[in-house]
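**Q** Chains as they are written, first to last, in our numbering: chain X, 443 to 528; chain C, 391 to 450.
Treat the hints loosely; a few may be bogus.
Quick list of in silico lysine-lysine cross-link-like pairs, DSS-like style, CA-CA up to 25 Å [to be verified]:
id, chain 1, residue 1, chain 2, residue 2
1, X, K480, C, K419
2, C, K419, X, K526
3, C, K435, X, K526
4, X, K454, X, K479
Covered stretches of chain X, as calculated for chain C (at least 3 residues, CB under 8 Å) [said to hold, decoys possible]:
id, region
5, 455-461
6, 465-473
7, 501-515
8, 519-528
Just so you know, these hints were derived from the structure itself, not from any lab.
Because the structure is a prediction, the values reported are computed rather than measured.
Note that the Cβ used here is the ideal one computed from N, Cα and C, for glycine as well.
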Amino acid sequence: MGISCDSSFSQKAWAESIGGISFPLLADFWPHGETAKKYGVLRDGGFPERALFIIDKQGVVRYIDVHELREQPDEEVLFEELRKLH
Amino acid sequence: MAITKGRTSSADHTSTLKVGDVAPDFELKATTSDAPWKLSDQRGKSNVVIAFFPFSFTPV
Numbered sequence: 443m444g445i446s447c448d449s450s451f452s453q454k455a456w457a458e459s460i461g462g463i464s465f466p467l468l469a470d471f472w473p474h475g476e477t478a479k480k481y482g483v484l485r486d487g488g489f490p491e492r493a494l495f496i497i498d499k500q501g502v503v504r505y506i507d508v509h510e511l512r513e514q515p516d517e518e519v520l521f522e523e524l525r526k527l528h
Numbered sequence: 391m392a393i394t395k396g397r398t399s400s401a402d403h404t405s406t407l408k409v410g411d412v413a414p415d416f417e418l419k420a421t422t423s424d425a426p427w428k429l430s431d432q433r434g435k436s437n438v439v440i441a442f443f444p445f446s447f448t449p450v
């Protein structure tokens, strides 16, 4: 799931503009950034950090990665963490 | 602004969460359905990856 504080309209238009995204985008738009705040990743400008969370079937947080805004996380690291859960 | 792929993680915890905590439930509007998507609906069914990203339509 991808989450940003943009509206669902923006997210849909964006997903279409880049040729579609294979997972749903969730709009944390109103109350603005409420979910990002719960997860401790809402920045002062009202937008979220670039952050990854893995939540297992029991609803427990198993992995957290808060990344530099300008850097894209290495997805292999994430996949390795997911393999550990299976 | 170019985005580079980096292995460096700036943090493995946030101001409210660390590994081992119960994930706060939330319900948000999804791009793929009219019904809201709720985290707790996945309990007992599947692991969930959540990717927060700063903005749509920008290189950020």
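**Q** Each hint: holds or not?
**A** Each hint tested on the structure:
Among the hinted pairs, K480(X) with K419(C) is consistent with the structure: their alpha-carbon atoms are about 17 Å apart, no more than 25 Å. Taking the CA atoms of K419(C) and K526(X), the gap is near 30 Å; set against the 25 Å cutoff, the hint is violated. Proximity of K435(C) to K526(X) is assessed by CA-CA distance (about 17 Å); at most 25 Å being required, the pair is judged to hold. This hinted pair checks out: K454(X) and K479(X) have alpha carbons roughly 23 Å apart, not beyond 25 Å.
Only when three residues or more bring their CB closer than 8 Å to a CB of chain C does the claim for the region 455-461 of chain X stand; here the count is 4, and the claim holds. Taking a C-beta to C-beta cut-off of 8 Å, the region 465-473 of chain X contributes 6 residues in contact with chain C, enough for the three needed, and the coverage statement holds. Proximity of the region 501-515 of chain X to chain C, defined as three or more residues with a beta carbon under 8 Å from a beta carbon of that chain, is established by the 15 residues found. With 4 residues carrying a beta carbon less than 8 Å from a beta carbon of chain C, the region 519-528 of chain X meets the three-residue requirement, and the given coverage holds.
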